[in-house]
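Chains as they are written, first to last, in our numbering: chain A, 108 to 391; chain B, 466 to 666; chain C, 20 to 275.
These are calculated hints, taken from the structure and not from any lab test.
Incorrect hints may appear among the rest.
With a Cα cut of at most 27 Å, we get these calculated BS3-like pairs of lysine-lysine [said to hold, decoys possible]: (1) C:Lys-241 <-> A:Lys-191; (2) A:Lys-227 <-> A:Lys-314; (3) A:Lys-191 <-> C:Lys-242; (4) B:Lys-651 <-> B:Lys-571; (5) B:Lys-571 <-> A:Lys-167; (6) A:Lys-191 <-> A:Lys-117; (7) B:Lys-651 <-> A:Lys-167.
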Amino acid sequence: MKKVVVENLKYRYPLSENLALKGISFEVEKGEFIGIIGRNLAGKSTLCQALVGLVPHFYKGAYSGSVKISGMNVLENNISGLSKKIGIVFQNPFTQITAAKLTVYEEIAFGLENMGIEKKEMIRRIEYVLYLLDLEKYKDRNPFELSGGQMQRLAIASIIAMKPEIIVLDEPTSQLDPQGSEEVFKAIQSLSREGITIMMVEQKIEKIAQYTDRVMLMSDGEVVDFDVPQKIFLKDNLLNYGVQAPVFTRVCRSLNIKNKNTGLYPVTLDEAYELMVRHEQNRS
Amino acid sequence: MNKRRLWSFSFTTATLVLIPAAIGINYIGKLFAGVLKLPLWLDSIGTALASMLSGPVVGAISGAINNIIYGLTMDPISFVYALTSIAIGITVGIMAYNGRINTLWKSIIAGVVVAIVAAIVSTPLNVIFWGGQTGNVWGDALYAYLIAHAVPVWIASFLDEIVVDFPDKIATMIIAFLIFKGLPRKLILLYQSGETIEKLD
Amino acid sequence: MAKTLSLYVERNTFIHRVDSINKILYVLVSVAIPLILPYKFVAIFLILISISFLLLAKVMRRVIPLIEFSVIILLSIVIIQGLFHAGNKTVAFHIARITFYKEGLSYAFTLSTRVINILLAFAILVLTTKPSELIEALVKKGLSPRFGYVLSSALQIIPQMMSAVGSIMDAQRSRGLETEGNLAVRIRAFFPLIGPVVMGSLIETRERAMALEVRAFNSREKKTFLNERQNLRSDNVIRLILFSILSLSIVLRVLL
Numbered sequence: 108m109k110k111v112v113v114e115n116l117k118y119r120y121p122l123s124e125n126l127a128l129k130g131i132s133f134e135v136e137k138g139e140f141i142g143i144i145g146r147n148l149a150g151k152s153t154l155c156q157a158l159v160g161l162v163p164h165f166y167k168g169a170y171s172g173s174v175k176i177s178g179m180n181v182l183e184n185n186i187s188g189l190s191k192k193i194g195i196v197f198q199n200p201f202t203q204i205t206a207a208k209l210t211v212y213e214e215i216a217f218g219l220e221n222m223g224i225e226k227k228e229m230i231r232r233i234e235y236v237l238y239l240l241d242l243e244k245y246k247d248r249n250p251f252e253l254s255g256g257q258m259q260r261l262a263i264a265s266i267i268a269m270k271p272e273i274i275v276l277d278e279p280t281s282q283l284d285p286q287g288s289e290e291v292f293k294a295i296q297s298l299s300r301e302g303i304t305i306m307m308v309e310q311k312i313e314k315i316a317q318y319t320d321r322v323m324l325m326s327d328g329e330v331v332d333f334d335v336p337q338k339i340f341l342k343d344n345l346l347n348y349g350v351q352a353p354v355f356t357r358v359c360r361s362l363n364i365k366n367k368n369t370g371l372y373p374v375t376l377d378e379a380y381e382l383m384v385r386h387e388q389n390r391s
Numbered sequence: 466m467n468k469r470r471l472w473s474f475s476f477t478t479a480t481l482v483l484i485p486a487a488i489g490i491n492y493i494g495k496l497f498a499g500v501l502k503l504p505l506w507l508d509s510i511g512t513a514l515a516s517m518l519s520g521p522v523v524g525a526i527s528g529a530i531n532n533i534i535y536g537l538t539m540d541p542i543s544f545v546y547a548l549t550s551i552a553i554g555i556t557v558g559i560m561a562y563n564g565r566i567n568t569l570w571k572s573i574i575a576g577v578v579v580a581i582v583a584a585i586v587s588t589p590l591n592v593i594f595w596g597g598q599t600g601n602v603w604g605d606a607l608y609a610y611l612i613a614h615a616v617p618v619w620i621a622s623f624l625d626e627i628v629v630d631f632p633d634k635i636a637t638m639i640i641a642f643l644i645f646k647g648l649p650r651k652l653i654l655l656y657q658s659g660e661t662i663e664k665l666d
Numbered sequence: 020m021a022k023t024l025s026l027y028v029e030r031n032t033f034i035h036r037v038d039s040i041n042k043i044l045y046v047l048v049s050v051a052i053p054l055i056l057p058y059k060f061v062a063i064f065l066i067l068i069s070i071s072f073l074l075l076a077k078v079m080r081r082v083i084p085l086i087e088f089s090v091i092i093l094l095s096i097v098i099i100q101g102l103f104h105a106g107n108k109t110v111a112f113h114i115a116r117i118t119f120y121k122e123g124l125s126y127a128f129t130l131s132t133r134v135i136n137i138l139l140a141f142a143i144l145v146l147t148t149k150p151s152e153l154i155e156a157l158v159k160k161g162l163s164p165r166f167g168y169v170l171s172s173a174l175q176i177i178p179q180m181m182s183a184v185g186s187i188m189d190a191q192r193s194r195g196l197e198t199e200g201n202l203a204v205r206i207r208a209f210f211p212l213i214g215p216v217v218m219g220s221l222i223e224t225r226e227r228a229m230a231l232e233v234r235a236f237n238s239r240e241k242k243t244f245l246n247e248r249q250n251l252r253s254d255n256v257i258r259l260i261l262f263s264i265l266s267l268s269i270v271l272r273v274l275l
C-alpha cells in the first residue's frame with residue numbers, strides 16, 4: 108500500500124486571505140526517504156502538519172482535497188488516531204517535552220500510556236528506542252537537563268516508541284548547534300535503516316542530497332517538482348525558489364564533470380570526489 | 466467573539482496547556498512586582514489573561530490550580546483562597562465575553578469590579594481563619610483601628626481587604642488589557658475553544 | 020528556583036510509604052473533626068498527633084519555613100484581638116498601660132489552633148509525598164488524565180518560565196531599560212518586561228499543545244501506567260481507621 112496519498116490538497120488558515128496550500132498531489136511509497144525543500148513560507152510546515160492532522164483539526168480553517176495515511180483519511184480521523192500511523196518532530200526541542208515527567212524514561216512512556224499500551228510492551232519499546240537513539244545513559248535524567256541535540260533525540264524517541272509507519276521531521280536541526288545536528292542526522296539514518304518511511308524538511312541541502320530518495324521542491328503553496336535529487340539539482344532556476352544545489356554539485360557543474368552513466372551531476376561528496384579524481388586522471 | 470458559548474466546558478489541548486502558562490505569568494507578575502519594588506501583589510495577571518483568552522471557566526480553573534499549587538508548594542492556607550481566584554477568573558471572563566474590557570477606561574472599571582468581587586469573596590475567609598485580618602500591614606492597621614472604634618468586624622474586615630485589592634486589581638486589569646491588545650489575532654484565536662468548524666473550500 | 024515545584028523531602032519512613040490518597044483523607048479528617056467537635060482540646064489533640072507523625076517522618080525541621088509566615092500573622096491576631104475584640108470585657112493582664120482581655124485572647128487562641136492544625140496536617144501531605152505520585156494516584160482514582168497533566172506540567176513549567184525571565188530582564192536592561200529610580204520609572208519598566216514573557220509563553224504553549232496532540236493526548240483509550248504502586252495492606256487499615264474516627268466524632272456530636 109502506498110504510505111502517503113495526497114490528492115489536490117488545498118488549505119487556508121483562519122483569518123487568512125490566501126491559500127497556504129494550493130492543490131497539492133503526490134504519493135510516497137513504503138520505506139522512502141523524502142526531502143522537502145523550498146524557501147520560507149512555501150508551505151512546507153503546513154504540508155507537514157496536514158500529514159499528521161494538525162491541519163485541519165488543530166488550526167481549523169478551510170480545507171479541501173484528501174490526505175490518506177496508510178489508508179486512513181486525515182479529515183475523517185482525529186490526531187490521536189492518526190498518531191498510530193504517523194508521527195512528527197518539530198523544530199523546537201524544548202517545547203516537545205511534555206513537562207509532566209521527571210525522567211527521560213517516563214517521558215518516552217507518555218505517549219504509550221495515552222495509547223493504552225500494556226506495561227510490559229511499554230518497557231520493551233522504551234528500552235528499544237533508548238538504544239536506537241543512543242539515549243541509554245540519560246534514561247534517568249530530567250528531560251530539561253539535556254542538551255539541544257539530546258532533547259531532539261528524545262523527541263524522536265518518544266514518537267518512534269509509538270511505532271508509526273511514517274515519521275515527518277520539520278527542520279529538526281534548525282535550532283541545534285553543529286554537534287547536535289550531527290547527532291540528530293545520525294539518528295535519522297538509523298530510522299531509515301529500520302525501514303521507516305521518512306519525510307524531512309531541511310535547509311541543509313547537503314544532507315538532503317546525501318540521505319533522500321526523492322526531493323519535493325515547494326514554492327508558494329504548490330509542489331514545483333518531485334524527483335530524485337540528481338534531477339532536482341540539475342535545474343537552472345533553483346535560486347528562484349530560494350534553494351541552491353549542494354556545493355559539490357555546483358562545483359562539478361562548473362567544471363562540467365558528470366556521471367558518465369546517468370549524465371547527471373553528482374549530489375554527494377563521495378560521488379563528486381570520485382568523479383573529480385577520475386577526471387584528473389583522464390586529463391593527465 | 467460571541468460565537469463560542471460563555472460557559473463552555475469543552476477544553477481543547479491549547480486551552481489546557483494555557484493553564485500552567487497562566488499560572489507561570491501569575492508567578493512572574495509577582496516576581497516583577499518584587500524586583501521593581503512596586504507596592505502591589507500583581508499575582509493575578511495570568512488568571513485575568515486566561516479568562517480574556519478562553520472564558521470564565523478556564524480563568525476560574527487557572528485561578529484554582531494556581532492556589533492549589535501555592536498550597537502544595539508554599540503555604541497550605543492558600544488552598545482556601547482558591548475561591549477568591551475562581552471568583553476573579555469568572556468575573557473577568559464574563560466581562561471580557563461581553564466586551565466590557567475593550568478600552569483602557571473600561572479596563573479600569575473592570576479592575577474596580579474585580580476588586581470588589583475579590584474582597585467580597587475573601588472577607589468571609591479572612592473572618593473565619595484570621596478573625597478578619599488579611600496579613601497585609603496597612604490593611605491590618607486599618608482593621609485594628611476600626612474595631613478599636615467599635616466598627617463591626619465584617620465591615621472592618623471588608624475595608625481591610627479592599628484597601629489592598631483596589632490598587633492591585635485595577636493595576637492588574639490595566640496590565641492584562643494592555644498585554645491582550647498587543648497580542649496578534651491569530652494567536653488569540655487559538656485559545657478560544659471556539660467551535661469554529663473547518664469549512665470546506 | 021528549584022527545577023520542579025515541590026516541598027517533598029526524601030526519606031524512607033513509614034509515613035512516606037503511606038498511600039497519597041490516605042494522606043489527603045487525613046487532612047480532610049483533621050480539618051473536619053474540630054468543626055464537628057468544636058472543643059479546644061480537640062484541636063490541640065490533633066495538633067499533637069500531626070506533630071508526632073511529622074517527627075516519625077523525620078521532617079519536623081522542614082515545617083518551620085512552611086508555617087512561619089502564618090505564625091507571624093497569628094501573633095498579630097493575638098495582639099489585635101486581645102486588645103480590640105468586640106466582646107472584650109474580662110481583663111486577662113496588663114502590659115504597661117495596655118490591657119489584654121480574656122475574650123479576645125480566647126478567640127485568637129481558637130483561631131490559632133485551627134490554623135496550625137490545618138497547616139500541620141497539610142505539612143504531612145506536602146513534605147512526605149512526591150507531587151508526581153500524588154497526581155498519578157488521583158488520576159488512577161478517576162481524575163481526568165488531562166487535568167492530571169495540567170497539574171504535573173505546571174510544577175515544571177513554572178520554574179522553567181521563572182528562569183527564562185532572568186535572561187529577558189538582562190536583555191532589556193542591556194537595551195537601556197531603567198529598572199531603578201522613582202515609582203514612575205519602575206512602573207514604566209514593567210511592560211517591556213512582561214510583554215515578551217507573555218508572548219513567548221503563549222507561542223510555547225501553542226507548540227507544546229501541538230506536541231501533546233501528536234503524542235495521543237486526546238486518545239479515548241483507557242490509559243495505562245508505567246509506574247504501578249503496590250497496594251499495601253496498611254493502606255486499607257489506615258483508611259478504615261480514618262473513617263471510624265470521623266464517624267465516631269459525628270456520633271459524639273449528635274449525642275452531646
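Evaluated hints:
Annotation: proposed proximity of Lys-241 (chain C) to Lys-191 (chain A) holds, straight-line Cα distance about 15 Å (limit 27 Å). Taking the CA atoms of Lys-227 (chain A) and Lys-314 (chain A), the gap is about 37 Å. The hint is violated against a cut of 27 Å. As the CA atoms of Lys-191 (chain A) and Lys-242 (chain C) are separated by approximately 15 Å, the hinted pair is consistent with the 27 Å bound. For the given pair, Lys-651 (chain B) sits about 24 Å from Lys-571 (chain B) by alpha-carbon distance, which is consistent with the 27 Å threshold.
Between Lys-571 (chain B) and Lys-167 (chain A), the direct Cα distance comes to roughly 32 Å. Violation of the 27 Å bound is thereby established for this hinted pair. At roughly 24 Å between alpha-carbon atoms, Lys-191 (chain A) and Lys-117 (chain A) fall within 27 Å of each other, so this suggested pair holds. For the proposed pair Lys-651 (chain B) and Lys-167 (chain A), the alpha carbon gap of about 12 Å is at most 27 Å, so the pair holds.
The structure shown violates the earlier hints numbered 2, 5.
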